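A.B. asks: Whole structure, please, built from the sequences with the hints as guidance.
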Amino acid sequence: MEIFLAQIVNGFSLGSIYVLLVTGFNLMLLVARIIQFAYPQFVVLSMYASWIVLEKTGNVFLAALAAIITSIILNLLSEPIFRRINNIEKVDINASFVASMGISMVIVEIMSHSINNGFPVSFPEYWVGKNLISFGYISLGRGEFYALTGGVVLVAIFFYLLYHTHYGRVFRAIAESRKTAKKVGLAVFKSSILSYLIAGVLGGIIAILFSMLLGSASPWLGESVALKVLAVSITAGLGNLKGGLYVGLSLGVLESLAVGYLAGSWANVIAFVLMLLVVLTKPQGLFGTAIE
Amino acid sequence: MSTTFNYFIGFSLIYVLMTWSIYLPYRVKDLHFLSVAIMAVTAYFAGVAAVNWGWPFYLVLISGILLGALISFLVSFIIGDVPTFTVVIVGITFIFIIKTIIENTDYLGGTMGFFAIPAANNILVIIAITTIIVGYILFMIDHSQLGRAASVIFEDKNMAYSLGIKPKKIGQLFQTISGAIAGSSGVLYAYFTGSLFPDFFSFHLVGTLMTILFIGGYSTMWGVVFSALFLGGVPILLPSAVSSWKTLIYGILLVSIILIKPDGLITRKFLWKSKNKLKEMRK
Chain A
971 MEIFLAQIVN GFSLGSIYVL LVTGFNLMLL VARIIQFAYP QFVVLSMYAS WIVLEKTGNV
1031 FLAALAAIIT SIILNLLSEP IFRRINNIEK VDINASFVAS MGISMVIVEI MSHSINNGFP
1091 VSFPEYWVGK NLISFGYISL GRGEFYALTG GVVLVAIFFY LLYHTHYGRV FRAIAESRKT
1151 AKKVGLAVFK SSILSYLIAG VLGGIIAILF SMLLGSASPW LGESVALKVL AVSITAGLGN
1211 LKGGLYVGLS LGVLESLAVG YLAGSWANVI AFVLMLLVVL TKPQGLFGTA IE
Chain B
7 MSTTFNYFIG FSLIYVLMTW SIYLPYRVKD LHFLSVAIMA VTAYFAGVAA VNWGWPFYLV
67 LISGILLGAL ISFLVSFIIG DVPTFTVVIV GITFIFIIKT IIENTDYLGG TMGFFAIPAA
127 NNILVIIAIT TIIVGYILFM IDHSQLGRAA SVIFEDKNMA YSLGIKPKKI GQLFQTISGA
187 IAGSSGVLYA YFTGSLFPDF FSFHLVGTLM TILFIGGYST MWGVVFSALF LGGVPILLPS
247 AVSSWKTLIY GILLVSIILI KPDGLITRKF LWKSKNKLKE MRK
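Chains as they are written, first to last, in my numbering: chain A, 971 to 1262; chain B, 7 to 289.
Hints were generated in silico from the structure; no laboratory data involved. Do not rely on the hints blindly, as some may be mistaken.
[To be verified] Listed next, the stretches of chain A that the computed footprint assigns to chain B, with coverage defined by at least 3 CB atoms under 8 Å from CB atoms of chain B:
id : region
1  : 1067-1075
2  : 1194-1207
3  : 1247-1258
[As the list claims (entries may be wrong)] If you only want the chain A side, here are some residues facing chain B, beta carbon under 8 Å, derived:
id : residue
4  : Arg1054
5  : Asn1064
6  : Glu1079
7  : Ile1080
8  : His1083
9  : Trp1236
10 : Asn1238
11 : Val1239
12 : Phe1242
13 : Val1243
[As the list claims (entries may be wrong)] What follows is a set of in silico ranges between Cβ atoms, one per label pair, in the way DEER data are often shown:
id : chain 1 : residue 1 : chain 2 : residue 2 : range
14 : A       : Leu1047   : B       : Ser150    : 43 to 51 Å
15 : A       : Leu1232   : B       : Lys281    : 56 to 64 Å
16 : A       : Gly1088   : B       : Leu244    : 17 to 25 Å
Being a predicted model, the structure only gives us computed values, none of them experimental. Idealized CB from N, CA, C, for every residue including glycine.
C.D. replies: Here's what the structure looks like:
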């Protein structure tokens, strides 16, 4: 029973990260109208940025800042690429998926050739932290605690932004119908840039929390996470923010339970098989797709 | 011919076959990543059949083609007419499942790999003949009513329905043929290389094949031949210091082609113009 509860707690921590990643992914999908497969790669590269700063300076605050700035820069640098793709008449949203796969390949190669000779990196103990709470088999490390609380706080802030602010209304209007939003005079381009900025900030914070949770990073981490983020988004319903919340958390818990009771590599398979069964029964996703 | 040149030709043709297995379903806008999982299944099937069961090459090849077609048919039958990204998830899931099974099965060599697959006589000639046969089949499909129907489905699925075209049936047919092509490429890959590693049949291979398809041009089968030679084959001829960066180059090329020429380098319009120019020159 204790192992079960411990895995549930771990699962919610991991699930929080997935929820944040899917939220950033869905934000870009709804407002910028792109399938940003490279978003988790941006997060992993931001993790590397914080690792480099920690190695050079040992300053936790600077490392956190480095992660956020790196993520913002990467997201904003990708904006002109996707804007140009969206302006090409004969392409559809699949083109952004293919382009983001290309960006993802570039980032993985840069990480695997240029940083730490391609070997995985470990974050120091003062970054990851020791166990904060432990009773029996159940222990909550600093990473898990921050991932859980950070996830809750950030999602709450994001939903507040979306449903109780002017920019949130603009985002929802653009997600509903881009053409109509333009016709009524909403600043579609500015909102699109803002969505990249928000996704960048969110990505940087995710990088900090993820590095604390895992304690390490590798060039291939982003690929497996990217596939899970895509799968979660499709299972929940493309662009469905609330759906992404439930499915992301569920995936974290399922994966954690699978890791606890089976060999590690089977955890991925079980997660994907379950998601596959869902999309076969409900191709539009469990909660319905939010885009046309 | 030198060994390096043999590898260049062999790998280029195998990449042509592998990419054609993704090209055909994409004619109806299905991103059929299941092909990579099928390649893994038939490659390991070939290895086990050749090494452990002592089957002759041609029996393994025919069995591999039928196995690939069967897997693809069953999956397409079960999933039916689903949105594009559901097909993507199906493919990714199967890649994960197959890779995990291989890695956790000692009989298949696990993560260490499967070795000592005997080379077939004149394997390069067999690969070339298979490529020509598959190319002929695809050419006939592209220039038939089926190919024209696929073009309509690609442009506008609703229009296709209103014209009496059945996207679901055509999609299933193309996925089945794609499975057969993937099956053949898996078997030929196993015999050509003599050894198999589960890491090869991963999302990394999907990225490579997508690059070949989109850079060559996804609207016609000829683009794949051109880009597979350069992207699949040329890295074998380059020094390892350069070829180790090939994935970075693929990524940059993929993004560039989507920005500059999203249809790819060789399009139907390009072929039509070239054909007309040749006719004029003959006159």
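A.B. asks: Now, for every hint given, state plainly whether the structure supports it.
C.D. replies: Hint check results:
1. For the region 1067-1075 of chain A, the proposed coverage by chain B is satisfied: 7 residues have a C-beta within less than 8 Å of a C-beta in that chain, meeting the threshold of three.
2. Chain B is given as covering the region 1194-1207 of chain A, and this holds because 5 residues of the stretch bring a CB closer than 8 Å to a CB of that chain, at least three being needed.
3. Residue count for the region 1247-1258 of chain A with a Cβ under 8 Å from a Cβ of chain B: 4. That meets the three needed, and the coverage hint holds.
4. Checking Arg1054 (chain A) against chain B: minimum C-beta separation of about 6 Å stays under 8 Å; hint holds.
5. Annotation: interface hint on Asn1064 (chain A) holds; nearest CB of chain B at approximately 7 Å, less than 8 Å.
6. Residue-level restraint check for Glu1079 (chain A) holds (minimum Cβ-Cβ distance to chain B is 4 Å; threshold 8 Å).
7. With 8 Å as the threshold, the beta carbon of Ile1080 (chain A) comes within range of chain B, its nearest partner Cβ sitting at about 7 Å, so the hint holds.
8. Satisfaction of the interface hint for His1083 (chain A) is found here, the shortest Cβ-Cβ separation to chain B being roughly 7 Å, below the 8 Å cut-off.
9. Annotation: interface hint on Trp1236 (chain A) holds; nearest CB of chain B at approximately 6 Å, less than 8 Å.
10. This hint holds: Asn1238 (chain A) has a C-beta 5 Å from the nearest C-beta of chain B, less than the 8 Å allowed.
11. Interface restraint check for Val1239 (chain A): the shortest CB-CB distance to chain B comes to about 5 Å, inside 8 Å, so the restraint holds.
12. Taken as an interface hint, Phe1242 (chain A) checks out: its beta carbon lies about 4 Å from the nearest beta carbon of chain B, inside 8 Å.
13. Using the Cβ-Cβ criterion of 8 Å, the hint placing Val1243 (chain A) at the interface with chain B is satisfied: the shortest such distance is roughly 6 Å.
14. Restraint check, Leu1047 (chain A) to Ser150 (chain B): a C-beta distance of roughly 45 Å satisfies the suggested window 43 to 51 Å.
15. A beta carbon spacing of about 57 Å between Leu1232 (chain A) and Lys281 (chain B) agrees with the range 56 to 64 Å that was offered as a hint.
16. Taking the beta carbon of each, Gly1088 (chain A) and Leu244 (chain B) are about 19 Å apart, inside 17 to 25 Å as hinted.
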